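**Q** Quick note, the sequence shown lines up with residues 1 to 193 if you use this note's numbering.
By construction, these hints were calculated from the structure, which means they are not laboratory data. As the structure is a prediction and not an experimental result, all values here were calculated from the model. From the three backbone atoms N, C-alpha and C, an ideal C-beta is built for every residue, glycine too. Certain hints may be false.
[As the list claims (entries may be wrong)] The calculated lysine-lysine pairs, modelled on BS3-like cross-linking and capped at a C-alpha distance of 27 Å, are: (1) K37 x K6; (2) K153 x K118; (3) K37 x K105; (4) K130 x K89; (5) K53 x K6; (6) K89 x K146.
[To be verified] Quick list of the computed label-pair ranges, beta carbon to beta carbon: (7) K153 x Q73: 18 to 28 Å; (8) Y47 x E178: 13 to 23 Å; (9) E17 x I147: 37 to 47 Å.
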Amino acid sequence: MPRISKSPNELRKDIMEACIEVFNEKGLKFTMDDVAKSCHISKKTVYLIFEDKEQMVLSMLDYCFDAIKASEQKIYEDENLTTVEKIRKIMIILPDRYKEVDFSKVIDLKDNYPELYKRLSIRLESDWDKTIELIEKGIEEGVIRKISIPVLKATVSGAMESILGGSVLKKNKLSYTEALDGLMDIVMNGIAQ
Numbered sequence: 001m002p003r004i005s006k007s008p009n010e011l012r013k014d015i016m017e018a019c020i021e022v023f024n025e026k027g028l029k030f031t032m033d034d035v036a037k038s039c040h041i042s043k044k045t046v047y048l049i050f051e052d053k054e055q056m057v058l059s060m061l062d063y064c065f066d067a068i069k070a071s072e073q074k075i076y077e078d079e080n081l082t083t084v085e086k087i088r089k090i091m092i093i094l095p096d097r098y099k100e101v102d103f104s105k106v107i108d109l110k111d112n113y114p115e116l117y118k119r120l121s122i123r124l125e126s127d128w129d130k131t132i133e134l135i136e137k138g139i140e141e142g143v144i145r146k147i148s149i150p151v152l153k154a155t156v157s158g159a160m161e162s163i164l165g166g167s168v169l170k171k172n173k174l175s176y177t178e179a180l181d182g183l184m185d186i187v188m189n190g191i192a193q
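Just need the whole structure built from these sequences, with the hints factored in.
**A** Structural data, given as structure tokens:
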């Protein structure tokens, strides 16, 4: 039977999914070999796509955030949701395939890969355009009280970074999803009329 080879983009996607899987199992202690075994490919093939583990983890972060942004767009366009429902869902969006990821392991980024942790912080603080637009729409509709959007953004970004970079998840045996739900309960009850 002839061997069907994958395109570099398909291979990259498979490696990203495997990277997420082994990260969930081992945290940042995973190896390139672990990823290769999970993908059923050689380590050499992994190195054709990624020059080192740091580049792979950086790509994994971007891959996850890109998936979050795609899910965010679907919520934004969903005409069956109210403005308040859209705000809540967008602010805590996590695609289903990432709901079981143990985000408490992200804390290791801070010490072992400070540049990657910085990138994570930047991603958490950026791409707020749709959320801000919805908050402004909610204020116009009278379903959100007038608030300082920059303060809200700083509060939520800081809280998310603290949840990911601190020991909140491990100490309290919370999943990232549970922590985000709790954060949004606090935030939305503070801004909804």
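**Q** Mind checking the hinted window 18 to 28 Å against the Cβ distance between K153 and Q73?
**A** holds, 19 Å
**Q** Is it true that the CA of K53 sits at most 27 Å from the CA of K6?
**A** Holds, at roughly 22 Å.
**Q** Take the C-alpha atoms of K89 and K146, compute the straight-line distance between them, and say whether it is at most 27 Å.
**A** holds, 20 Å
**Q** Below or equal to 27 Å on CA atoms is what counts here, so check K153 against K118.
**A** Cα-Cα ~17 Å, so holds.
**Q** When you take the CB atoms of E17 and I147, is the distance between them in 37 to 47 Å?
**A** With a Cβ separation near 38 Å, E17 and I147 satisfy 37 to 47 Å, so the hint holds.
**Q** Would you check the hint for K130 and K89, treating anything up to 27 Å between C-alpha atoms as holding?
**A** OK: K130 and K89 at ~12 Å, within 27 Å.
**Q** Within a Cα-Cα threshold of 27 Å, do K37 and K105 meet the stated pairing?
**A** Given pair K37, K105 holds - Cα atoms ~21 Å apart, limit 27 Å.
**Q** Do Y47 and E178 keep their Cβ atoms within the hinted range of 13 to 23 Å?
**A** 37 Å Cβ-Cβ, so the 13 to 23 Å window is violated.
**Q** Is the straight-line distance between the alpha-carbon of K37 and that of K6 27 Å or less?
**A** holds, 17 Å
Of the numbered hints listed earlier, the single one contradicted by the structure is hint 8.
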